[in-house]
Amino acid sequence: MFNFWESQAEQLAQLGRAWLARGASGLCLRADGEVVWRWPQAAEVAQPDVVAEMATAVGPSLELGLCGGGAADGPRLQADAQFLSQAVNLEFELEMMTGELIETQDQLLALYDLTRSTRSHLEVPDTLQSVVAEVARLVKVDSSFAVLQAPPEWPQLVVCHPGCALAEAQMLALFAQAQATGGELLLQGADVAGLLPPGARNLLVVPVQVRGEVLAALGFVNRQLGDFQSPDLKLIRAIAEQAGAQVENALLLHETLMQARLQTEMRMAQEVQLQLLPQKPPRVLGLDLFASSLPALQVGGDFFDFIVEAGRPLIFTVGDVSGKGVSSALLMTMIRTVLRGAGKFDATPTPQSLLDRANRDLYDDFTEVTMFATVFVGQYDAARRCLTYANAGHSPVVFCPAGGAARLLEADGTAVGVLPENLALNQRLAFGAGDVLVVATDGFNEARSLDSGFFGYERLLDLVQANCHRSAAEIAGVLYTAVADFAAGHMQDDDQTLIVVKGVA
Amino acid sequence: MEQKVRFEGDVAVLALHGRFDSYQTGQVRAWLEEATAASPARLAVNLAGVTFIDSTALATLVMGMKRARQQAGDLHLCALQQPVRMVFELTRLDKAFAIFADEQAAVQAFD
Chain A
0 MFNFWESQAE QLAQLGRAWL ARGASGLCLR ADGEVVWRWP QAAEVAQPDV
50 VAEMATAVGP SLELGLCGGG AADGPRLQAD AQFLSQAVNL EFELEMMTGE
100 LIETQDQLLA LYDLTRSTRS HLEVPDTLQS VVAEVARLVK VDSSFAVLQA
150 PPEWPQLVVC HPGCALAEAQ MLALFAQAQA TGGELLLQGA DVAGLLPPGA
200 RNLLVVPVQV RGEVLAALGF VNRQLGDFQS PDLKLIRAIA EQAGAQVENA
250 LLLHETLMQA RLQTEMRMAQ EVQLQLLPQK PPRVLGLDLF ASSLPALQVG
300 GDFFDFIVEA GRPLIFTVGD VSGKGVSSAL LMTMIRTVLR GAGKFDATPT
350 PQSLLDRANR DLYDDFTEVT MFATVFVGQY DAARRCLTYA NAGHSPVVFC
400 PAGGAARLLE ADGTAVGVLP ENLALNQRLA FGAGDVLVVA TDGFNEARSL
450 DSGFFGYERL LDLVQANCHR SAAEIAGVLY TAVADFAAGH MQDDDQTLIV
500 VKGVA
Chain B
0 MEQKVRFEGD VAVLALHGRF DSYQTGQVRA WLEEATAASP ARLAVNLAGV
50 TFIDSTALAT LVMGMKRARQ QAGDLHLCAL QQPVRMVFEL TRLDKAFAIF
100 ADEQAAVQAF D
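Those protein sequences? They're chains A and B, same order as listed. Numbering that gives the first Met the number 0 puts the first residue of the first sequence at 0, with every later residue one more than the last. Numbering that gives the first Met the number 0 puts the first residue of the second sequence at 0, with every later residue one more than the last.
Quick caveat, the hints were computed from the structure, so don't treat them as lab data. Since the model is a prediction, treat every value here as computed from it, not as a measurement. Note that beta-carbon positions come from the ideal geometry of N, C-alpha and C, so glycine has one too. Treat each hint with caution, since some may be false.
[What the hints assert, rightly or not] Cβ pair distances, simulated, as ranges: (1) T347(A) to Q80(B): 40 to 48 Å; (2) R18(B) to Y456(A): 17 to 25 Å; (3) A47(B) to D364(A): 43 to 51 Å; (4) Q103(B) to M265(A): 44 to 52 Å.
In isolation and in its complexed conformation, chain A is listed as follows:
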């Protein structure tokens, strides 16, 4: 309680002296009927003759009393009382503002401390542990705790400082209550003593907003200096807001790290995928071979392979698993393995038997993950200069006989994984010197230009025909360059994979 008659003693004395000069015998100030100040100070005060009530906003009821005066002094005494009331009110406001300023300053310092102590922690649990340690110190409680449920799919995290004053189940129940109500829970005072957990004198739980939801709560058990007061609550609310921001930052950092890790893993998957492809084509009598795969940004499902077994015709495969991403890449390794196993270990493998095997082995898995794979399998018999192939839904496949027109070798079967049975049959082509076969993936014909036109099949046919006198590597180079020029400025949407097979003398 502030005593303005002490802080304003000099002004009151001047007032007393003025009244004495006017002939009064004394002046006094009464608070709730009791004399708290008098003038002259040493004198005993008789019952005042004139009294004027003061109109103050706070504190006890005050009145100014004049001894040795008459009714004529009433208006002047009333004017003095009014003037004094205003001075009291102004002094009270000033005191309140100073109090708030100090409180705000304290909060700022506390938040600064909190930020400084938590900013060095990168992981969410460390950040939370640091927050509860700091708030226990700032709010001066025996124990503080925090419960976090963020991201929502993570298990709940509970941290305490210095130790846990409550059982974990109690803390989780309090958090659930904060989540349900969205408000604070304050238990203190004799009337709620029965509701407090054993060992707790008082308890405060405040919700913490993380990304707009109550995903955490801060709890305080046993304030060391009596019950929680209004300034404590203000400070704790500010801390809860700050803690929410700290947790958001930690989560963001965690997510960024996870994203970076995922990207690294994707890049590694792409590298593994490329390593699985033959690094260079085999040397086969009567053939000039070239193969390459230009991956798009995302991991894709394209593949090619050469299966070379001593004394047996060369088998080559080109395929494209539907879709993009890691799932396509995984299925690509599966189908490549099945085809390779059948090509290497079956007694008399043919393109059709490889596709039969792949469809039989993988149909259920492909159905499960709702994907399929277009596959072209070729088998070159050097002795007969004959190419046997089977095409399960794959395009584009361009065949250009020496001196003739290029044409598409269309599929006769659906892609592996579409129907329970493989429908692609063995087809035979004489394949002599100057004949060219280009087995590409749809990354070529579906390459898009800036105006969204497609590279298409016609351009492929024309290019293969116009360049069939060149080597396999040169033909591939012409095709890659033409597609890149066509798509200039447009991102490569899909893998571009091809095998060029050219008959040589």
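Please build the complex by placing chain B on the supplied structure of chain A, with the hints as guidance.
Here is chain B on its own, set in the frame of chain A:
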């Protein structure tokens, strides 16, 4: 890509419009999964408004077709534009799907 659904008797008809590629398959896939949850699943997909279809979109239709057949029904396709028809022919998916010239024929084929 736009998609509109209507019913012709017990046949659910989905009309698609625009570019049908891997970025657009989510909604169609969700619709197909829901439409094939009960037996018999009789679906018709009208591709008259589809100008381009990629392998992910084809896989989505194949998924719908397989699920419909598991549920004693089928997924009929109709009104394919020339570029889309060519994709079905080159991948030989025209052997896997029942494809009709127009929506009426696709719906009536269930009778």
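Verification of the hints:
1. T347(A) to Q80(B): 40 to 48 Å: About 43 Å separates the Cβ atoms of T347(A) and Q80(B), which means 40 to 48 Å holds.
2. R18(B) to Y456(A): 17 to 25 Å: holds (19 Å)
3. A47(B) to D364(A): 43 to 51 Å: Taking Cβ atoms as reference, A47(B) and D364(A) lie about 34 Å apart, which means the hint is violated.
4. Q103(B) to M265(A): 44 to 52 Å: holds (47 Å)
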